[in-house]
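**Q** Residues per chain, in single letters:
Protein chains: 2
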Amino acid sequence: MNRILEDVIHKNADTIERITSENTMGYVVADNSTHSVAETSFDNTGALAIVKHLHGVLVSSCQSVVRDLDPTNKLCFLRVATRKFEYLVAPEEDFTITVLQ
Amino acid sequence: MNRILEDVIHKNADTIERITSENTMGYVVADNSTHSVAETSFDNTGALAIVKHLHGVLVSSCQSVVRDLDPTNKLCFLRVATRKFEYLVAPEEDFTITVLQ
Chain A
1 MNRILEDVIH KNADTIERIT SENTMGYVVA DNSTHSVAET SFDNTGALAI VKHLHGVLVS
61 SCQSVVRDLD PTNKLCFLRV ATRKFEYLVA PEEDFTITVL Q
Chain B
1 MNRILEDVIH KNADTIERIT SENTMGYVVA DNSTHSVAET SFDNTGALAI VKHLHGVLVS
61 SCQSVVRDLD PTNKLCFLRV ATRKFEYLVA PEEDFTITVL Q
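Chains as they are written, first to last, in our numbering: chain A, 1 to 101; chain B, 1 to 101.
Don't take each hint at face value.
Since the list can't tell identical chains apart, any single copy or any two copies may satisfy a pair.
For lysine-lysine, the following DSS-like pairs were computed, each having C-alpha atoms within a straight-line distance of at most 25 angstroms [said to hold, decoys possible]:
(1) K84 / K74
(2) K84 / K52
(3) K74 / K52
No lab work stands behind these hints: they were computed from the structure.
Just so it is clear, the structure is predicted and the values come from calculations on it, not from any experiment.
Modelling step: build the complete structure from the supplied sequences, incorporating the hints.
**A** And the structure:
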C-alpha cells in the first residue's frame, strides 16, 4: 500500500468510524494501481471478491460505457441496489471505496 | 414491440408524464427480448446508444457481478452518477427503463 493512501485513511479514520456505525454492513478501500485491499471491515476473501468483481469488472465497464455514450463525460459515483443490500461505489483517482448498506 | 409492453406503457402514460416533467433530461424504455426501443423522449440514435451500452453492456455486467459476489442475490436498480447527469436504470423482467436526470 502506498504512503499517500495510508495517510488518507489515517486522516479519515473518524469518517470511517461514523459511516460504519450507521447501519452499514461494511466497507472496502482498494488501491487502484495494485488492486489490493488497503482497508476493510470484511474478511480477506470477501474484500478481495469485492475488489475483483466490483472494482475490477464493474467500475471499468461502467467508465467505458459512460465515455462511449459521451466522450466528454466521466463516471463519478455508482449505486447498485440489489435485493439484499446496496453497494455504494466511489471510484477516485488513486483508490476506490465501496460501502455496503 | 410486444403487446404486453405496449399495454404497460399505455397504462403508465401519466407516470411517464410526471417523471419527465420533473427536471429529467429524458427516458428510454427498451424491450429486453428484442433490445429495441419501445418508448423514448430522445431521438432514435441517442436512444439506441443508451439501449446498446447501458442496457446491453452495463446491466448484464452488473447482473453477473452481483451474482458472482452472492449467487442468491439479484440486481434491482442501478444509479450511475456522472459529471454531467445521472442515469437511473431499472432492469425489469421484460423491459428496462432508463431515466436521465
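**Q** Can you list which hints this structure breaks, lowest number first?
**A** No numbers; nothing is violated.
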